Amino acid sequence: MGKTIKVTIDGKECVSEYGKSILEVARANGVYIPTMCYLTKTLPIASCRMCVVAVEGVDGLILSCQEKATDGAVINTQNEQLHKERTNIMKLYNVNHPLECGVCDKSGECELQNKTMEYGLTNQNFTTKDIYRPVQKWGSVSYDPALCIMCERCVKVSTEITGDEALQVKFGGYNSTIINVKQDKNYKSLGEAAAVCPVGALVDTNFKYSANAWELKQIPSSCPHCGGGHDVIYEVKDDEIYRVSNHAEFSTLCPSSRYGFDFQNRGVTKDIGAFNGAVEAFKNAKSIIFSNEISNEEALILQKLKEKNGYKLISPQAKAYQDFIASYSSITGKSLFSGSVDEIKSSRAVLVVGSRINDDAPIIKYAINTASKHNRSRVIYMHPIEDKNISNIVTQFIKYEPSSEEMVLALLVDTLLRDKKLPDNITALIKSFDIGNLSAESNVSEEELEALSKSLINKNGLSLVVGADLYSHPRAKNIAKMVGLIDKYSDFSVVVVPPTGNAMGIAQICELDDKIEGKSIGINAKGDFTLSAMGEGDLDLPSLNQQEGTLVGFNKRVVPLNVVLPYGGYTLNDISNELGLNVKYTIDYTQILPVSNGFKEIEFDDLEDYFDNSGNEFRGYLLDSVDVEIDENIEEPFESDGIDGAVIYNCNPAEHTSQFTNKSKLLKSDAYLVGSKQFGQVSKLNDGDMVNFTIGDVKFQRVFKIDTSLKGIIALNPTYDRGLSEALLSSYRYIRLEIEKV
Amino acid sequence: MSDVIFSTWRGEFIDNRDKSSDDEMSKSGFKLPQDYTADVNSKAFIGWDGVAIFNEDVDAVRLATEYAAQYQIYSEACGRCAPGRWGGKILYDLLDKIARGEGSYDDVAHLKEVSETMMSTSKCEIGKTVPKPILDLMNHFEAQFNKVIDEQIPSHHYNDDIKYIAKVTAPCTDMCPAHVDIPAYIEGVRDMQFADSLVATRETMPLAHTCGRVCPHPCEDACRRTNLDEPISIMELKRLGADYESDHGLLWQHPREPKPLRNDGKKVAVIGAGPAGLTTAYYLALEGIKVDIFEELPVNGGEVAVGVPQYRMPIEKYQKDIDLVLEMEAVTIHNNHRVDAKRLKEIDAEYDATMLGFGARLSKKVRAKNERADINGYWGAIDMLDKVNLWTKYGIGSTASNELKDKTVVCVGGGFTSMDVVRCAVRDGAKKVIMLYRRDEKTIIRNTTYEEYHEAVEEGVEFIFHSAVEEIFDEDNKLVKLLVNKFELVPDPNGGRAQLVKIEDGDFEIDCDFLIPAVSQAADLQLLPEEWDIKLTSWNTLLTNGKDYMTNRDGLFATGDCEYGPMTIVNAVGQAKRAASVISRYIYTGKVSLTDDEIMEDHLTKLKVYDKNEKITGWIPGIPREVSQKLETNERVDNNKEVNLGFTGQEAQDEANRCMRCYYISMVAV
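Protein chains in written order, with my numbering: chain F, 1 to 742; chain X, 1 to 670.
Here chain X stands alone, though its shape is the one from the complex (with noise of 0.2 Å):
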């Protein structure tokens, strides 16, 4: 709920101005941008949706100007379609001919004929958006107008002092936790300028391999193609532009031109070569500022690297990723290099900041009787994971298969980790593997893809649904079986959330040699100096507000899997982004700050971009989302080869095609 004068945000209409108390005025329904930041206030916030107008004193004239202003500066990033490229600047030519007091009323029906054809053609959502707030503020700010054509004087505040804060998004962009220019790389590969795509998404995502294969795509859900028929496969079609630098041994391509080393003194430390490390690291050293990262293994990439395994993520792609941000000018990176909490504190007192990247690593157990680590045949989905993908990847330490051959293995698990253990396990020539599972296949299918869960499937993972260990028997400390409970879904006839019930005489024993927990991961905070009484979350991971990244400790930051729990690859690269922004800022003023870009961003997440009850016009129904090729099972079943071949350039067109170029442009006075 948020207060205001006047709205026509999302539909609704609320019309303050002639109510005399406060008692009379309606309150607008959504999370409108009322305050800026806890100091300064907004006066009006208008956008794609409508206007919101926070101040009574608020000059609409100029607002719908300024409003048509952004519009041309983003068009002037673009300009790709007829009615964008000239309407836009028609739009402001007339507007600002109008506000400063030069128009007349043919200007006016001048800019209703171009914003018809605009909202009716434009080859973006910006372009088709751009016109209804200006005429809603046109229709109920008409007074305005009118008074500055008929007596040609400048709008009121013309010429005051009044700061507008811009912004452009879209809603996968503000779904996505790493704020990817979607609608960019999409239309680069559109484009055929892969390039182009692959530097879009590198503005904000330097895993452009990794999260164009592995990502869960969250943006997915937000993506408003859902509300015509499917969302657009948004994830694959980022790997196009990275898999293109590969293949043609471009140069990296940057966002822009990593500026020189600073020697000035400044230094950042990372603390793990992961995903939220190597994003930390990358987005300083753009701005020259000399990065160390000390990474425990003698091998980087962190969880994606060790955890992921190699028919999903290969190495050669990842090492891309890696590489990119290792070979910039800034970075050094430290391999074998544990960091305790005695080499944390030094660390801490040579640098200006430090980032914790250090992500969570230690196996939860699945709460069994007699469970115990140190069972042969209990096996840490983490330890097991590191193993395979140490010797796939590296040819470190020694293959699984002599482990695993013609073993029966279990896992207890429904996320990503424990597929990917069921599907190494087979990889490696298990005899028989299981996975466990309290809840159902829909649920499964929900906590990890369609795909993944199919795959397993096709290779001979044999699901038990709605099951749980309670026992762990073991001969001579090996593991020899397990009792297993069953259970079943209760529905509550109160209409709440169905229960998990235990069926009696349910129980069963599993013969098998290996119990992998797959089940969560948590972090491992020895590193934490006691001393420094380090605020955690009830998750006991580290604990920030979630804007700036910094823990309770100045110049001490935290990002990824150790501040958020286990989580995606994006989440870190969002969060380690954001970080890397404020600790450029941190090390030279001693103080957090965010950008009017982030600040904005912020009020818009809050605000939510995706509205999914929208109606969308000027697209044709029905068109099927695209589905990459993958690999036969009976080609990849006993092999670490790349399942997932990646869309043909026919597909990815067909596919960039569907994208309807959300863009909105939302724009705050303050």
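The shape of chain F in the complex, shown without the other chains (with noise of 0.2 Å):
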């Protein structure tokens, strides 16, 4: 952004930064300007032209969303003949738009309507001849031509922020409407098409004629699942929520939080045996086995009973993120990762290792696509298997065997760190890496990296994004302080994604363990003795939509969860104050979170939950990075051994993070193995063929599906339906196993 620029808007003194539009200084100083194409969240879009303004001493209308404000601009949003431009376009814009808005999902919340009122049309002033536009389902969104104004927000959405790139404008004049031209996918994203919708042309398939929009109560959240904390609204009628929504202009959800609302835990009521029977379970148990749908308030009650009881906390996924995340630190000095889901979008390029980043985590897969659209990102991808559903966004591919992740790392940490200035032991150990041997064995050739560093033509916005295939990989320590140097002396920032639901919350508060010992408390987990929000356990637990809290977003903000349903039975802080914690509410340890981590000193019911006009977020405050020691001891990569013939890689779809996600009505699916042709022919499997396999103590049995877009011997297998033992699955991702046809 550039130099300081003062503005008089009707009047009013403004003071902004050359580069803003008028429309976006006039809302940040809260002149109201109309608008019904404009979203906050994309560049400009310009069709609807109602944002039109006067400026002194320039003739004709200036289209305020897309022009710049110049320094001394006198503006004038309000007179006669803007008022006359825009009930002119208010009425182009009613040229034959049906009237049925009694039975119109839109109506009571429709911008079109809202406008009609604002500039009092009360009749259609034109009509032309009309045409068939029949009315079209695309998966979990359906689309109504007649009702569409082609305000091309949707498209701008499908482009610039979850680059499905599945919705285009078919140019037609009057006949223009919008198209679907990957109808074969119906991409889950596209909800974040109709979230921005004005009119109910683009709605919800799910949601269409089931409620008015003024039945519904809103209750604002925050994501359970993908592990971002973005926010979530839910919408609520006779304890059933109906639909969620968000600030769609601002913000943008994942497929899990859009569609994966309704995993409450219904019709509990305090069964006090089974209560009884937990705080029995909890005096003998030695260990807790916790899985990352728990709030902050509930993990630090974890903390405060091992701290009284000295109880092993086993959460295995967020342990090894902490433990990555603190090897990370060791170089860096800094307690959380340097990067943001912000930055990313701003990147000039973005390098991806060690995460299927599509799948694992949408909402940073949009931040790389909106980079690649707004900056022209080079995006360079480097995992074992390709990705065909982000080609449009990636620029280099750079495949490497499964397992040697270390070695890929020693490659970057050559290739990034090699002109820098360094400390010499860096150097020396630089020095020391048998670039050829890497090479070989981790398959990325140097011509793949020459060229990587020949796309690096910026220094500044480099962001990398780290992965759960790190974390869990047996020689995850020596690759986060490979991160870590990559971070400190390269001009990269760093994203570690952190897995799904509150893991990072977790990692922050709890000190957790390796090994279970003697009989365990399970908490949505299987233990000796099971707690569980599923349902499924000796004692129920309310769900993340049940209670209050807080969650850790990798946005690094600390963000509020409200009771969107009520819930009957008994909750964690019950039990514990059974055992001596005696806090009267679970919300009273959101002002003791650990300070010491990062964490505010702020009352649960003082936490900020809105956007202001820019769309700038204030939702619960933003964690601090702590000073960390600082170790730079780091060892020469191991050579892996690599994982020869079939494998299977543990990897949920885009829309599943969880057990949870699959209790949902509109994601419960089943799982199937998935893998190319190539793995079926290696496997001897047929595509439905049944199999059996087993990854730690989990049992799997499966469908084998083709998927003609993947290419090479590794298969995707999903674990969120797994139920309760999902959460012990955290060995490495990649795993060689004996598959047993059935």
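Just so you know, these hints were derived from the structure itself, not from any lab.
No experiment lies behind these values; they were computed from the predicted model shown.
Treat the hints loosely; a few may be bogus.
To be verified - Here are the simulated EDC-like pairs of lysine to aspartate or glutamate, each with C-alpha atoms no more than 16 Å apart in a straight line:
1) F:Lys477 to F:Asp631
2) X:Lys167 to X:Glu76
3) F:Lys84 to X:Glu113
4) F:Lys20 to X:Glu651
5) F:Lys129 to X:Asp96
6) F:Lys129 to X:Asp93
7) F:Lys170 to X:Glu76
8) F:Lys84 to X:Glu116
9) F:Lys459 to X:Glu635
10) F:Lys454 to X:Glu642
11) F:Lys454 to X:Asp247
12) X:Lys641 to X:Glu316
13) F:Lys459 to X:Glu316
Two chains, two frames, some hints: make the complex.
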């Protein structure tokens, strides 16, 4: 952004900076300019022309969404001519627009309806001969072209935000329409396009004709699934969640939160017998095993219980992440990773290693897509499996062998730090790398690395995104240190994408242990005594949409959860109080979350929860990054043996994160082992064959499906349908397995 | 000057309807298309800036209706803004209702209301300008409108067979020799539909990578944004689509599905695989017409490949443009195939048409005393650049630093070629590089670009202005020094052009190892059989009429530098695109002909679409042009890395948002 400018809007002096549009300055200063197509989170669309304003000394009307404010400009947003032109545009918007608002899904929250009122249009002044435009169903969303006003918001979201690039404008003047060019996929991300539709044209298929907008109570909360902690608004009537919305002009949802909303623990009452059993079990237990789907406050209760009773706290994914971050921090000296989702969006190059990012963290993928579109960012995707779903944003795919991640990181350290000023020990370390061997073992060629290096022509705006493949790697600690080196000595900012749920919060709150000892309590996980919000344990717990509390999202924000649906049973706090912690409400823990790890002493009820006019987020607070001790002791990479033959990769599809998403009506689905034709040949499996295999202690029986968009001999194995046993799956994501055909 | 009955064109107002004699009739000051072709007169011309009537009997109501219909056709390819989408539809519906005798005065009022909203709020100039001539007709031919409303009858020629020929253009598109649909490719960038952007470019310009990098962008001289602040950075926005295709490894984004190869025995020969030859081949191949390209060099791309240096035009990018053409099913390339007069006669006999696109590759002399090509150290610019580029781009030959390292190099020039020479000499390690130029700094910038000149200065090239070599000195045939005259510009007391006058005692000497003349190039015409008696221009280039590009020999066409003289890539592309269209018909009919679109294109160019005096409304002034990032001097001076890093996405968006989408519709009634 540029230099400071002063403009006058409707007599009000406004200070801003060069580069902001007139509309942005007006909104930041509380001046209303009507719009139909504008969307804060995308670049201006400029289709509606409602936002025209008058600028003194400039002939003609100025389009405020697109035109930058210039220093000294005197702007009027309201006058007779502007009102007349805007009224005429509204008349045109109403040409042939159906008047069946009574049976339109959007009624009551329709921007066309609102603006028609605002401009006092009591009849349709113009009509023209219409054409037949049938309704189309595109999976989770439906499109009614007769209602469409061609604002193009959905196309912008599909292009700039989600990057599914499914929606396009079919130009045709009066016959223009929106088309879905990827109807074979019907991505769940189309829901994000529907979320911004100002009228009833693009709507959720499921929600259609189910309730009037004004009957729904809106309860703000945060995403419990993907680890992003982004805003979610549950819309509720008669104790049922009908849909999820969000501040769609500013924020975007992952598919799991958009459609995985009804995971509540239903019909629970206080079962005193089970409760007493639970208290007894805690008294006898030595370990507590838990999944990522608990709040910060619940995590703190567990930590307090550990401090009091010496429990082993077992949460394998969170533990792997915690250890990884600790090693990484021992190089950088900071407790949190350096990058951010917003930084990714403005990156000039993004390097992704160790994550099938489109499935693992859709919100991060959206951010990378935005970087690709807004900044023509280079996107280098390093992974053992090519992902065709992101080929439109990836500029270089580098394939490496599964289990060679440590060598890959060593090669990256060499490539990215070679020309940097480094301490002697680091220089010596890099010199000791046998590049030829690392390259041969990992299958990453020196030419590929050279091309990568060459493509990083800009030194600013570089982001490295690393994911869960690395955390569970046997050499995770050393890998983390090398990630730390890149962060510290190169121009890259790093985002260490946490596993799903509240793993990041848990990792910041609990002292986690590796091994289970003695009797165990399971929380959303199988234990000798099991507490579960899934409703299948020995005692019920409230799910994350049935309790107050907080989560930590990967934008490093501590965000609030609210009670969306009532819950009649016992909570973890009830048990811990029986065990002597004596804290009245669970949210009394919010203000005592560990300040030493960056939390703030803010009471739950004082947490902010809104966006301002310009889309700045004021939800909860940002975690502080605290200083940690530095230990630059790094080992040379171990040569891994590699994994021969057919390999299975544990990976949930984008819309699933856990057992909880699979509990949701709109997402519940059968899970398949999905592989390429080649995988089928190597494993002697045909499409539709039933197979058995075991990962850790978890037994799988799956139907094998061939996906022709996949290549190679690594198959995708989802874990979201494993119920309580899913929380235990924390081994390295690539596994060589003996598959038993049934 | 044009003879008109009535005109409101570009602010003039002429109404000769009640003038009794020719003497009283005023003439239009504009070159209006009153003769559509040599044989066909126009009845009327209507466009963004007004309407001109050439024939007393014109049906104004139908003319307005047909113009609105053209807008509707355009808007059916667009429809991106509310006023345009619905307004255009209503405009036509209401006008046609009136014209067929079913209209009312209410409809007229509605028309005016919709017109006003379109004129003040439409997204493109097209929506803003379409109502203007329609309102002109409604005002000045009110009687015709009133009659059809009062009597509820069709307008007087409503059912007659009149041909209305329309064309959409824009000032930049008109000025571009290749007539690239510039607003469309900029819109593709704005929408981040980069593939669409590229397709819009390739409609008339196959070399998108190249002309997104090294085009001198004459279009920018006709950018209406200049009337407000600064022109759009048109050229650099072109590169985004091409880079997108390469970066993401997309299939070739053709403007339309190439037609299958016609196996009808027709085939076209192209001499030279430079911009003109590639363009001819591409557009013929899109039509499924078989093309054989004969190229003397082992590498393709012509002067852009072996002349334009790597740091300005990376070969891996240009190669994409070349591959686009050569991978067409209908195209076959024959490398190392020198065409001389004998071979040309064979080709001429074998093929249905032949395109000459062999460029202008003979370095002209600087006209100094003792100027001999055989002096050791006298090195023609074309030969020098051939050597540099063949080595740096293809590893053919040997590095020119063998010759140039630690040497003093003097170049005489002032155009793009000379800039390439001096900057390559710097990169090949020359100790000292001097550019001698007859005129001043301002002129060298005008002849090349601001960036090109400043980058050369940054890289250490010494420019000596107002200078010329008088004599070359050699020792044992090895060049040792130059005697240089110094000139000064003496203003003409009568206000004419300033004259260059030699300064007495201003002479000086330069000790040097190389003199590289880069003053201009000539076409090498040895391949023309004498007996064909091919007509040449006074510049010794091939003569055509500049419209269909056929030489005085039937079936022999010429485009690019061998036709025009040393000129730009985009000029070659524009000529070749037109010639390909002419050839595609010629090989079947044996006649040269232009399409209506091409005829209109030429009319509009003659009329001039860009009006530098026009006042711009509806845009806020003072938004500066975006400037792309360049490599720092120390990062580029000793290597061949591409200097211009191109726009970031944000810069490209900001720049695309400055584009005012100055689309215009014009229409002739014949």
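Query raised in the report: Keeping to a limit of 16 Å between CA atoms, is the pair of F:Lys129 and X:Asp93 held or broken?
Result: This hinted pair holds, its Cα atoms lying about 9 Å apart.
Query raised in the report: Does the structure keep X:Lys641 and X:Glu316 at a Cα separation of 16 Å or less?
Result: Holds, at about 12 Å.
Query - Restraint check for F:Lys459 with X:Glu635, where alpha carbons must lie at most 16 Å apart - result: holds (13 Å)
Requested in this report: Mind checking the alpha carbons of F:Lys454 and X:Glu642 for me, to see if they're no more than 16 Å apart?
Outcome: Given that 16 Å is the threshold and the Cα spacing comes to 11 Å, the pair holds.
Query - Pair hint F:Lys84 and X:Glu116, alpha-carbon separation not exceeding 16 Å - result: Given pair F:Lys84, X:Glu116 holds - Cα atoms ~10 Å apart, limit 16 Å.
Report task. Could you grab the alpha-carbon distance between F:Lys454 and X:Asp247 and see if it respects the 16 Å cut-off? Result -> Cα-Cα ~13 Å, so holds.
**Report entry** Straight-line alpha-carbon gap X:Lys167 to X:Glu76, limit 16 Å
**Finding:** holds (15 Å)
Query raised in the report: Straight-line Cα separation of F:Lys477 and F:Asp631 no greater than 16 Å?
Result: Roughly 12 Å between the alpha carbons, so the hint for F:Lys477 and F:Asp631 holds.
**Report entry** 16 Å limit on alpha-carbon distance, applied to hinted pair F:Lys84 and X:Glu113
**Finding:** holds (10 Å)
Query raised in the report: Are F:Lys129 and X:Asp96 close enough, with their CA atoms no more than 16 Å apart?
Result: holds (13 Å)
Query raised in the report: Is the straight-line distance between the alpha-carbon of F:Lys20 and that of X:Glu651 16 Å or less?
Result: holds (14 Å)
Report task. With a cut-off of 16 Å on the C-alpha distance, tell me whether F:Lys459 and X:Glu316 pass. Result -> Violated: F:Lys459 and X:Glu316 sit about 23 Å apart, past 16 Å.
When each numbered hint is compared with the structure, a violation occurs for hint 13 only.
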